[in-house]
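Asker: Construct all of the structure, not just a fragment, from the sequences and the given hints.
Sequence order for the protein chains is A and B.
Just so we're aligned, residue 1 is where the first sequence starts under the numbering used here, counting upward by one.
Just so we're aligned, residue 1001 is where the second sequence starts under the numbering used here, counting upward by one.
Be careful, since some hints might not be right.
To be verified - Quick list of in silico lysine to aspartate or glutamate cross-link-like pairs, EDC-like style, CA-CA up to 20 Å: (1) B:K1383 with B:D1545; (2) A:K48 with B:D1512; (3) A:K328 with B:D1602; (4) A:K620 with A:E563; (5) A:K48 with B:D1432; (6) A:K256 with B:E1372; (7) A:K243 with A:D66; (8) B:K1193 with B:E1134; (9) A:K48 with B:E1524; (10) A:K48 with B:E1372; (11) B:K1383 with A:D66.
To be verified - Selected chain A positions facing chain B (Cβ under 8 Å, derived; list incomplete): (12) G257; (13) E258; (14) F260.
Honestly, the hints are just simulated from the structure, not real lab data.
Cβ atoms here follow ideal geometry from the backbone N, Cα and C, with glycine treated the same way.
Here's the letter readout for the chains.
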Amino acid sequence: KACTPNYSPGRGWPTSQTQDGFEDILEERRNSSDLKYALRCYAPVLYKGVTPCKANMLKNIVLQSDQLRYVINQVSQESGEAPDIIQEEASVILEEMAHRLQISTVRFFAFALSKAFKTLFQHVCVNEEGIQRLQQAIQEHPVVLLPSHRSYMDFLLMSYILYTYDLALPVIAAGMDFMGMKFVGEMLRMSGAFFIRRSFGGDKLYWAVFSEYVKTMLRNGFAPIEFFLEGTRSRTCKSLTPKLGLLNIVIEPFFKGEVFDVNLVPISISYERILEESLYARELLGVPKPKESTSGLLKARRILSEDYGSIHVYFGQPVSVRSLAQGKVNRSTYNLFPRHIPRKPMEETQSFVNDTAYRIVRLQEDNMVLKPWVLMASLLLQNLEGMELSVLTEQTVWLRGLALSYAAFLDWPDHAPTAKVVSSSLALHRGLACVSGGRVSLVVGEPLGPVTPEEALFNRAVSVLSCASYRNQVLHVFLRPAMLAVAMHTAASSKKNEVYNCFSFLWDMFSNDFILCPGDTVQDFEEACYLLVKTGAVQMPQQDIVMTDIGQPTLSFFNGLLEPFLQGYQVVCRYLCEEASEGLTEKQYIPAVRSFAHSVLCVFTGNLRCYEVLSSDMQKNALAALLRGKLPTQKALLARL
Amino acid sequence: MASNNNSSDRQRIAQQRLSRIAAHLHKHEDGNSGIIAKECKIDATGSPEENKGTVPRKRQEIMKWNGWGYSDSKFLFNKKGQAEFTGKRYRLSGMTLPRLQDWFENTFGASVKHKSPATPVLNASVVPPPRLNEAFVENLKATGIPFSNEAEDRVFRAHGHCLHEIFALREGKKFERVPDMVVWPNCHKDVVKIVELACKHNVCLIPYGGGTSVTSALECPPEETRCIVSLDTSQMNRILWLDENNLVAHVEAGIIGQDLERLLNESGYCSGHEPDSMEFSSLGGWVATRASGMKKNVYGNIEDLVIHIKAVTPRGVIEKSCQGPRTSTGPDIHHFILGSEGTLGVVTEVTMKIRPIPEYQKYGSVVFPNFEAGVACLREVAKQRCAPASIRLMDNKQFHFGHALKPQVSSIFTHFVEGLKKFYITKLKGFDPHQLVVATLLFEGDRERVLQHEKQVYDIAATFGGLAAGEDNGQRGYILTFVIAYLRDLGMDYCVVAESFETSVPWDRVLDLCQNVKERIIRECKERGVQFQPLTSCRVTQTYDSGACIYFYFAFNYRGLADPVHTYEQVEHAAREEILANGGSLSHHHGVGKLRKEWMKDSISNVGVGMLKSVKEYVDPENIFGNRNLL
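Answerer: In structure tokens:
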């Protein structure tokens, strides 16, 4: 992958950006017996040849650890309860949390998923070189698998792949919601999931049990640990800003010298069509997420009749925490405090973990496989009124060229005529876009009976948000140049420093919406300049940044790409300035801003097309950006937009 | 003096002058100096006596100039492909070691065919000519204290036993800086005179005791432009008096460990201070580096043994006014001297504790299924404060190493018993030969108590899965520590470089530290292009209430490397960083020297360094003791 000369993430990060090729693991499944496959000999190599640990033994190690015993005594002293009772509580927590990995359940899943995958997907593609690297890494150091999270399917898929390649099955941190699914919850537990409560802020004992459980598995190398840095499924298909809790836990044993190193493996799972596609859009619009239930799952069988295209799973280069931390964290600062006493990470460590998390998510983004459809979706969203098929085709080709020169990991079918590529993409996504009379436009659901303006708006928004979830997949490729394009557009002059100031403003503002590594503003700016100059859209004579003669299409595409975000933030801002009353709680905020946006949209349907402001994701991110900024900045924000 | 082709007339004249001075000196020595020296001895003891020390002024007469120990003792592979240890001094001397060659070749990927022999004799042309301070020499001559500026004497005192030092000697590399002369004071008063003259003429003094430093402490700072005088204390080697009422002895600081022990034993006493280097290291060196002996559990480390220290500094003599067993008189001034590594002055006389020779001594050993179990046992022993005089835990690699040093078995019966033991441990008890480790023990005291003590320790060991494995294994463990330095010379004959280093660490970090340091070494070797798997091995050599001392061995086959010493140094540097990052100390007993100076600030804080600096500033403002160790 071509990269800017300025972009150097630093020591320890993979530098070579060439991506591996893929193999379709379903191919073999289509040609040989699934039963045989599910029953075959499974003997993965473990870390330093440790023998696998029985679930019960693991629990005992955790309960008897110095770490946990210390916290139990502490809690007992604070609460006045006897240590035995607290110990019992800890044991119950652990019981609720712990996985019970069983090979028979894994085999059951191997069989069932083979059947399901073959009906749902055309291909499940995996980079085998990544698998080989992983196999090597597992033997050398404890491994943490960090997949992107777009679907419930993710962790079953991960385990399925590892089973297929005879690799050690991971233990997976899963949200407690699954536990609600009778039977299925237990099945997941027996396939390696362990369950954590969504929030346990102040519960010292819970935290201690949880972190010691994870660390014990990591230290002893019983199994790779898997969790989602993004914390939850991204409903927008944009990467979410990373959550640091679990990453802190898995990195700490390295700082304390309990393990020599920890390998972090970023994994990018890209779906050509996401199973939860329309569910997500509705959820973002405020329709409550259906509670996880077994009957719900059974009802969802109808999805089995649809074609969801291909999945690409890319196992990235393992990243060594030891190399990353070199020169950044002084491990000897851990020398003067007993290792078993829990302690808040030091500032140095916190910023290291934060930086690491962001960079891992960026690696996930970089290795996401993009389909032609994401380019088409980006174009369609800038032409909501629809566009000629020929124009769409032409512009898709143009955008493909741009994306490739910005090093997008694009899966464009070889030797297929463009028209074919476009039409087959449209066919796969016929639920989102349709062609009629040579024009392509978004499909808007038509409910039965008379339609109120609100309902019409809602349906329109569902279709826009669904489509946006595809455009969002390509955003990370264009984000930096696009912010530069917007900055050039808004800056008072073409002076480089003024453009930079605008860029930096946007960078700060969008740092909840996009993955922008802390402290990388200058680097990102330079990367953006480099890319725009490279593609001939921009020139930089002396201290200026100016558009070239041929730069118009690129810059205007970029402006259009970010427009929904800018408009969305603007609406939120207006709401806060014009409507919001004192003492607004965060709980009230989302519905309030949603109805404000509704009214704005109903009034200005013509010129304001920011359906995306109806998305709770954008509303939250905009609020977070404003909360981060100080009040004058808020005013400035409004002024600038 | 070697004549150099390019030497100018001026140099030639200087050399002629030098040889004249040297001739002068010899005459002096044969004539008056002897009497003066005796006076000095009479002064101290009241009765004239001959020097009974093991070490002569010309150390090279009995010791290797480019390796460890006595010239007559060395390992070699004989024509039959068997290793043997020459000489008559040690238990292993004259024996063949049939397993060593296999072990050596298998461990290092080395071959007895690939020899890397040392330069046989010192080439005088690699030694820079002495820069003498004429006035100092004149004044010194008047005192009658013997001195020399011969190349062999100077080179011998220009180094300790770091790998890079010995490697350079063997290669016959050119020296950048060596001492310009060597002086041999006979007593405290001589030292006072020398230090006074050095101050007067601004001469740099570097105290030299046994020469066993492994911290580059004896290396002459290359930037030193003054005349460097090596002050060799080896002739100050008498026990001046022995006080049986208070169980203390007053000893000259140049005495080496084996002489001290021998002389005390003659009176029925011992010091109990037995560092692994005790054959050659000196009392003054122990004090100057904060040495530790293997039997410290009974007798204490050097700081516990010392009752009174007399040292000569440029400011004058530092000593206390009484020999009270403990005092509360501000910070203990002994602790300025202990660990000062020759930067403040010369330790001349020490009053130290002595003990009656123990009635009974017994070695022992325990085999554990793995290192973790062994460490847990040692921790428990330390907790119960029932550690025998010595208790050490060798890891699996060292266990095999020890086995490779088994001499030829003389009878079929011993052979049979050996086999039976092995069968019992590995087959019946299920110990994995690639995991099991051995603890070696040494008990001392009266017979009954030793036996009782022994039982207590073996009982604890049993709770950690330990099996008693006999006295013989135990004793062999301790032999290994005395011959290991000789073995390094053997390795160097066959392209293998080796070194040891140590640290101390809290109990809970012992396992992690050992593991991480070993892994770091292996990884660094790989990254630096070492072609063969390195040997990394460790043992727990001392136990304390709150932690332990860990000793690492590290060796690799350097074939294919352009600069093995540089590679070695990089790896050792990385290993030390790993130790520090894992909660280990900069040193438990080797000291800092110049090798580990860079970490002093981090180890003792800026204020700490400032305190030490201000002491140096007061005691030695002109940096007469200019070896530049420590700070």
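Asker: Please write out, lowest number first, the hints stated earlier that are contradicted by the structure.
Answerer: 7
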